[in-house]
Amino acid sequence: MIRKILSGAGAMGTALFASTAAFAQEAAEAAEAAAPVANPGNNAWMMTATILVLLMILPGLALFYGGLTRSKNMLSTMTQVGGAACLAMLIWVMWGYTMAFGGDGSPFISNFSKMFLSGVTLESTAATFSDEVISEFVFISFQMTFAAITAALVLGATVERMKFSAAMLFTAIWLTIVYFPIAHMVWYDGGDTGISGLLFAMGALDFAGGTVVHINAGVSALVLAMFLGKRNGYPAEPMPPHSLTLTLVGTGLLWVGWFGFNAGSALEADGFAGLAMINTFVATAAGALTWMLMERFAGHKGSALGFASGVIAGLVAVTPAAGNSGPFGAIVLGIIASIIAYIAVAKLKPKLGYDDALDVFGIHGVAGIVGAIGTGIVYSPALGGPGDATEYVMGAQVTTQIIAVVIAIVWAAVGSVIAAFITKLVTGLRVTPEVESDGLDIGDHGERAYN
Amino acid sequence: MKFIIAIIKPFKLDEVREALGAIGVAGMTVSEVKGFGRQKGQTEIYRGAEYSTNMLPKVKIEVAAADDLAPKIVETIQQAASTESIGDGKVFVLDLGSATRIRTGETGDTAL
Chain C
28 MIRKILSGAG AMGTALFAST AAFAQEAAEA AEAAAPVANP GNNAWMMTAT
78 ILVLLMILPG LALFYGGLTR SKNMLSTMTQ VGGAACLAML IWVMWGYTMA
128 FGGDGSPFIS NFSKMFLSGV TLESTAATFS DEVISEFVFI SFQMTFAAIT
178 AALVLGATVE RMKFSAAMLF TAIWLTIVYF PIAHMVWYDG GDTGISGLLF
228 AMGALDFAGG TVVHINAGVS ALVLAMFLGK RNGYPAEPMP PHSLTLTLVG
278 TGLLWVGWFG FNAGSALEAD GFAGLAMINT FVATAAGALT WMLMERFAGH
328 KGSALGFASG VIAGLVAVTP AAGNSGPFGA IVLGIIASII AYIAVAKLKP
378 KLGYDDALDV FGIHGVAGIV GAIGTGIVYS PALGGPGDAT EYVMGAQVTT
428 QIIAVVIAIV WAAVGSVIAA FITKLVTGLR VTPEVESDGL DIGDHGERAY
478 N
Chain D
1473 MKFIIAIIKP FKLDEVREAL GAIGVAGMTV SEVKGFGRQK GQTEIYRGAE
1523 YSTNMLPKVK IEVAAADDLA PKIVETIQQA ASTESIGDGK VFVLDLGSAT
1573 RIRTGETGDT AL
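Protein chains in written order, with my numbering: chain C, 28 to 478; chain D, 1473 to 1584.
To be clear, the hints were calculated from the coordinates, so they are not data collected in a lab.
For glycine and all other residues, C-beta sits at the position ideal for the given N, C-alpha and C.
Hints are supplied without guarantee of correctness; some may be wrong.
Across the chosen pairs, the derived CB separations fall in these ranges [said to hold, decoys possible]:
1) C:N478 / D:T1555: 33 to 41 Å
2) D:S1503 / C:S464: 26 to 34 Å
3) D:Q1511 / C:M421: 54 to 62 Å
4) D:F1483 / C:E461: 38 to 46 Å
5) C:G411 / D:E1556: 53 to 61 Å
6) D:L1566 / C:E461: 38 to 46 Å
7) C:T454 / D:F1564: 56 to 64 Å
8) C:R475 / D:E1487: 36 to 44 Å
9) D:E1556 / C:E461: 47 to 55 Å
10) C:G473 / D:D1567: 48 to 56 Å
When the alpha-carbon atoms are kept at most 20 Å apart in a straight line, the in silico SDA-like pairs for lysine to any residue are as follows [unchecked claim]:
11) C:K99 / C:Y477
12) C:K376 / D:I1517
13) C:K328 / D:Y1523
14) C:K99 / C:K257
15) C:K257 / D:A1521
16) C:K374 / D:Y1518
17) D:K1512 / C:H327
18) C:K374 / C:I363
19) C:K328 / D:A1521
Chain D with its partners taken away, still in its complex shape (with noise of 0.2 Å):
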């Protein structure tokens, strides 16, 4: 199994999820994140004075799964979340060591 975290542009993430559910996966995390990367920060002004922030909001997608399963959604991401400029944003993947449904106690694969 796998665990795949993608951080994205915020506006993005409708076209991310629709692509996502079009291929099969089921149920993802979605959470507000900030961070920077190459995209560094943005400048804000008021009456001339001039604050960057160096963190931007972000969108964190967390999706676990099968193996076989995990290379297409890395690329559905990459090409539904892709807008070809800095700040992006990138995609993880991790192996998932268990994992277990709550309501049924199923584990492994079929807990997905």
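Okay, chain C solo, but in the shape it has when bound (with noise of 0.2 Å):
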């Protein structure tokens, strides 16, 4: 996200108003005293956005999940995504939102002042990227879905082994430690006198959360499955989706969310919103044909798995980019994401031998770094992008996403083994071997997703 000041519009209303000088003397000197007001266009649209981020952890992420997964796990794949994403958004309202947003801090959290919501009314407002407000508590709730997604996509690379239990505690450990402060250092911004995050100061661009959501969440997933160990069986015993169908239910379904996560992170129904909206159409096509024809290349049949595995990568890819690129940018973004995270997937994780069941790491993880990274080449405005041509030079922009992406690297993988270790510690991180055989869905939640 990069903030950008439109005075074009605001050149436009003071020409609308010079008619009558008299009555523009009153409203400017109306509207220094008064605080902004939310414009409700940008408000509708940003409460929709939200709710299309919903969309995306319940139903999109659960079936995307859950079908991936062999059927005795059905039920606890998906009631994991769900109750990570629950204990997130309450997490978020007590103690989340204020560390990431709660005002001036350190470049590494806010403050604690903003508490339970401490001070937040129905009149207080959050900034836009332009002179717009939207409410806070859109806002706030905005940003809920962001961290409610994150904790529950993390999940994905321990399903099938890990207690429900210890799912949820890492989950409030991590969020506090990792996601928050990451979210702050890449997304606050303090203004010309405050105190601005870490990454966002040094004017790394990550639009809709490539750094904070997907690297992060690949990252963390990584090293949460290589401290619990691999599922009994892997990889000797296979372990083939169970329902194909229902996981591209879902990554129909994510697809459509992440209209609200892309376009959404413009915080106003504007062009940015509309470039974002392009781009998270084309960038996904690309990535979807990309690693059918991987698949080709390799000498297998283009699949549905690969078809799903490609929309994602794209989408994941374009989330940093989404209104930081044009839409050819976009697509070779798509593209060259999705082959990289291919090679990621079906290369290199047999070889290395961890069991990241769902491929957190090797698509959401691997794909956000391309997209970072890549998002400071398609910033260009030579190639189409946004960035502002007197100011954008594409080595040190560049140089700029690497340096960002490996501080996000390097706080996710710590802070996911203290959370990890701490997990261990009180609730132990596996279920029994019993349990993993019979399914978890017996074994930790007494049901059968099908009868």
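Hey, can you piece these two chains together into the complex? The hints should help.
In structure tokens form, the structure reads like this:
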């Protein structure tokens, strides 16, 4: 995200009022005195966008992940996604929002002045990227869904063997020491006088959360999966997805919801939201077909799961670039991310031998890194991006992006190790071998998905 | 009496059924089964992870017939189910000790 002052709109407003100079004078004084009022149009769009992100989690991600697991772990997977998201929502309003966006603090976290949403009223507002504002409750809700989906994404790596209680405790600790600080570092704008987040101050671009959500979730998932160990029988025993139909339903819901995620990250219904929207179409389309082509080049059949994986890789890659790239830059980004994620998932993972069950690192982490670094390139006005030609230097921007990615990776990895370690001490991480064999649906929840 | 068991490719079931009907076979039992022979299995690939399944879906047909009709049935199944490739299946013929129609209590050929 980058702050854009749309001075053009202000100038036009001034010209309209110029005919009645006295009225203009009064209006200007009134505007200075009164607090900014949220525009209902922007509020309405941001409420819609917020609900679209919820659609990504339930039922989108729950179905996407659930279909990829074996039928005996369907409910466990879906319940962990839903449970982690709900816990994130509650923690967000208690101490999450204030840690990430509670006002000036340090480059790493805000402060604790808005614990339990203290001081937030119907009139309080949050700044967008122009001179508009949106209601603070809407902004809190929108950002809440980001914390919720990121927490749920992580658990895709550990399905079929991690306890529900461990998933909940890990989520609570991880949000506090990993997600909230990274969200603050990347997105908190302290303005000219305040203390912006570390990566924001560096000028790192992350329109809708490539770093905050996807690199963060991917790296944390990898760490947690390695900490937890492989599923019994992996990789010798076949563990094919039990319902690719449901996975494709989930893929579609994720794509639809992602428009709230990406276009909503403009924080208002403006041209940047429109740019993010078109990019979320075309990068995804390119990613989906590229993955299927990669399968053909590898000598296999183009598959439905390949299509779904390419959709996600494209969506992840375009997330940081959504409002920071032209449509054709986004297409190239979708293609490259899909190629590299395919190699990571199909070739690299079997060689390295870790059990990232649903490829959270392989797709979200890898495509997220490609997208974050690539955003520094496609931002270029020469490539159709919205970068300011007088300020943009590709080498410098790409360097900034890489530094931001490295900081996020290190923070996420270290924080996840700490969170996993504490969780292991308190609840233990894994279910018993017997429960793992019977399935977590019956073992952890006392139900079967299919009767 | 003979008891004929045929294992065939599933998509050939309709052709075999029609061909057997045409030569006067009045009934049969059909089940979906799994197994393998020379065709081995097939390979499934999910995100690069290859799983070879060594059992393939087949259809099993069971027909009880009088001795004189049995060779004709075997020949008909063989012709109708053949695609001239591996995995087409097999036909087995067993001697059948007795047959009883439950409704009437008839036995032997008249029960078939």
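Hints, one by one, checked against the model:
no., hint, result
1, C:N478 / D:T1555: 33 to 41 Å, "holds, 39 Å"
2, D:S1503 / C:S464: 26 to 34 Å, "holds, 30 Å"
3, D:Q1511 / C:M421: 54 to 62 Å, "holds, 57 Å"
4, D:F1483 / C:E461: 38 to 46 Å, "holds, 42 Å"
5, C:G411 / D:E1556: 53 to 61 Å, "holds, 58 Å"
6, D:L1566 / C:E461: 38 to 46 Å, "holds, 44 Å"
7, C:T454 / D:F1564: 56 to 64 Å, "holds, 57 Å"
8, C:R475 / D:E1487: 36 to 44 Å, "holds, 39 Å"
9, D:E1556 / C:E461: 47 to 55 Å, "holds, 50 Å"
10, C:G473 / D:D1567: 48 to 56 Å, "holds, 52 Å"
11, C:K99 / C:Y477, "holds, 9 Å"
12, C:K376 / D:I1517, "holds, 15 Å"
13, C:K328 / D:Y1523, "holds, 14 Å"
14, C:K99 / C:K257, "holds, 17 Å"
15, C:K257 / D:A1521, "holds, 15 Å"
16, C:K374 / D:Y1518, "holds, 12 Å"
17, D:K1512 / C:H327, "holds, 19 Å"
18, C:K374 / C:I363, "holds, 16 Å"
19, C:K328 / D:A1521, "holds, 13 Å"
In summary, the structure agrees with every hint in the numbered list given earlier.
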